[in-house]
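Number of protein chains: 2
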Amino acid sequence: MRYYMILRLVIVGFGNVGQEFARLLQSKREWLLRTKSLDVEVLAVSTKTKGSLMSKTKLDLDRILQEISARGSLTGYGSEATNLSPLEIIRRCEADLMIELTTLNIDSGQPATDHIKVAMDVGMDVVTANKGPIAYAYRELRNRARSRGVRFRFEGTVMDGAPIFSLVERTLPGCQVTGLTGILNSTSNYVLTEMSRGRSMQEAIEDARKMGIAEADPSLDIDGWDATAKITALANVLMDADKNPKNVDRKGIREIGIDDMKAAADHGKRIKLIATAGVLGEDIALRVRPELIGPDSPFWSVEGTSSALTISTDFMGELTIYENNPGLTQTAYAVFSDLLLVVESIRSGSI
Amino acid sequence: MRYYMILRLVIVGFGNVGQEFARLLQSKREWLLRTKSLDVEVLAVSTKTKGSLMSKTKLDLDRILQEISARGSLTGYGSEATNLSPLEIIRRCEADLMIELTTLNIDSGQPATDHIKVAMDVGMDVVTANKGPIAYAYRELRNRARSRGVRFRFEGTVMDGAPIFSLVERTLPGCQVTGLTGILNSTSNYVLTEMSRGRSMQEAIEDARKMGIAEADPSLDIDGWDATAKITALANVLMDADKNPKNVDRKGIREIGIDDMKAAADHGKRIKLIATAGVLGEDIALRVRPELIGPDSPFWSVEGTSSALTISTDFMGELTIYENNPGLTQTAYAVFSDLLLVVESIRSGSI
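Protein sequences appear in the order of chains S and H.
Following the working numbering, the numbering of the first sequence begins with 1 at its first residue and continues without gaps.
Following the working numbering, the numbering of the second sequence begins with 1 at its first residue and continues without gaps.
Hints listed in this document are in silico derivations from the structure and should not be mistaken for laboratory results.
Hints may be right or wrong, so weigh each one.
Repeated chains share a single entry, so a pair holds when one copy, or any two copies, can fit it.
Capping the alpha-carbon separation at 20 angstroms, the derived lysine to aspartate or glutamate pairs in EDC-like fashion look like this [what the hints assert, rightly or not]: (1) K28 x D314; (2) K210 x E255; (3) K210 x D39; (4) K58 x E169; (5) K269 x D283; (6) K28 x E169; (7) K36 x D314; (8) K28 x D259; (9) K56 x E194; (10) K117 x E94; (11) K36 x E169; (12) K269 x D314; (13) K28 x E291.
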């Protein structure tokens, strides 16, 4: 006799991360069955421009990936195709867990925040890689998850798959976070690295776009908005900050020229876009700005698309986590690992 | 109505780490009661040269610390003083959890391994900061813990309080570790840093001794034995290696002179003692040796008593954890955090 758990998903947003997550899920299917006694079924997929699917029984993930890749659309998948809105799909499908992977809206964190609220209201656990809701509405969503008795995880929102939220939550019990500082935006770090090698900002941005790492709107990277959303999310969760991205003292890298890079190099320094959260009296102060760093900083070797975060704590001093050139696989892994932690929590009966 | 858990400890080994752990426990007493509904009582303390104590009821930890500090001995504490051996104390005391903090014996991992076996056999959970047992007998101890139904944690054995074992176990589900490389011995790293600033190895070793970070026998640090034990422990736990320190291809820093440091600096490099574990065919290969590293290595800024570890994985690529100048507090915190994770596991009914 053996028991299996069947976990049914709705995936909202099915761009690069969503598709990579679907591929990871397929490649791990046997492993999940064998070692976790877990079968994951996708009941619905909702996209903004590629059509949506909803079904009472499991969808064929391989075929979904093929349709997207061959036709760029799900409308030809079959009778499961639907014109229902994301919120309607979340309400009507009978999934246990919502995976929220829509793109960042830096002005409001919407519509992702509403997707998450509705999913929680119908009793679903939620995993997201969208930093908007954590930057704009973390406290409200955390409280809602508690009152509804559902699980809410979001490791992929910051530093791709590197475990940051889990690290503090699960490995540093009784430790208080007193400050955070990091290089959190891959594109601007890549651009600064390329500029230090003599290329122009425009060329480097083009490269980043071709590599698929740049946001559709380059201002999100270059003007520091992505780093701003990430440091806000980190401070909200790890320092109980209750801030939003508009509270961040923000300066991007748009005005940095090749001359600035040369001047820095002449002094043995590098320019990096640094995000910081610190305690300021009773308040938490958040800042994103270009800073000069020297070779003895742990951030010196954080080049290209790598990222790093230093977590200052009361008992553990300073810990730095450094992620070397992550790609889409790492972000997809973050969603996958959150899914596994949700399953673990369901099985242990804890929230 | 409110329920409290009383957790009763036996502490075996009461040197610097043990005393710092006792102070941390005292300073967190109110917090443990308030937020964890947990009361921690020490029933026995066993030391090699400072006398031992055993009691049916809780000992006064403040008085124990005072006796040690004022007299360097526990023999004047009162009727709880005993001449029983550590193994007798473990067998006879009625503690729930053993904290094993004896010093490293690099030749065998003893007597700590026997302390742990006996504690497990009488049904105690075990927390240790002694790397010997993990380097010499991990697989046996892990299996024994499973068969006895007890918990076994050892975060403090490597990189002080930086969560390494917990990180992989609790935040990277489904990820396989494919390689490890790190700067793991504080004293040799401190010595190399000081030598790069023009001081002699002997002066730097003397400093490290005064700072209380050097092992009593400098060979453990300088000849790479401490790093060897740590990389073995890491590989045993994270890569299922079943090795012992004698299987490590080991070369320390003893033969490095000021001239070598200067030659490295002339080429823009630094010399670091690097420990590595890698997959070699069906086997795991372990190595400790001085290596030249450049400023673009994440290890470049690991100076003084800092340490760092890069964990290579199948899904998450490379993650580096960097601990900035840890002290005794961090090692004591590692023991404390393991204790809290044991309590969490007891409460959730899992092992």
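Here is how each hint holds up against the structure:
| no. | hint | result |
| --- | --- | --- |
| 1 | K28 x D314 | between (39 angstroms within a copy, 12 angstroms between copies) |
| 2 | K210 x E255 | neither (23 angstroms within a copy, 50 angstroms between copies) |
| 3 | K210 x D39 | neither (36 angstroms within a copy, 58 angstroms between copies) |
| 4 | K58 x E169 | neither (33 angstroms within a copy, 31 angstroms between copies) |
| 5 | K269 x D283 | neither (32 angstroms within a copy, 43 angstroms between copies) |
| 6 | K28 x E169 | between (26 angstroms within a copy, 18 angstroms between copies) |
| 7 | K36 x D314 | between (36 angstroms within a copy, 18 angstroms between copies) |
| 8 | K28 x D259 | neither (49 angstroms within a copy, 53 angstroms between copies) |
| 9 | K56 x E194 | neither (50 angstroms within a copy, 67 angstroms between copies) |
| 10 | K117 x E94 | within (16 angstroms within a copy, 50 angstroms between copies) |
| 11 | K36 x E169 | between (23 angstroms within a copy, 15 angstroms between copies) |
| 12 | K269 x D314 | neither (30 angstroms within a copy, 34 angstroms between copies) |
| 13 | K28 x E291 | neither (42 angstroms within a copy, 38 angstroms between copies) |
Hints 2, 3, 4, 5, 8, 9, 12, 13 from the earlier list are contradicted by this structure; the remaining hints agree with it.
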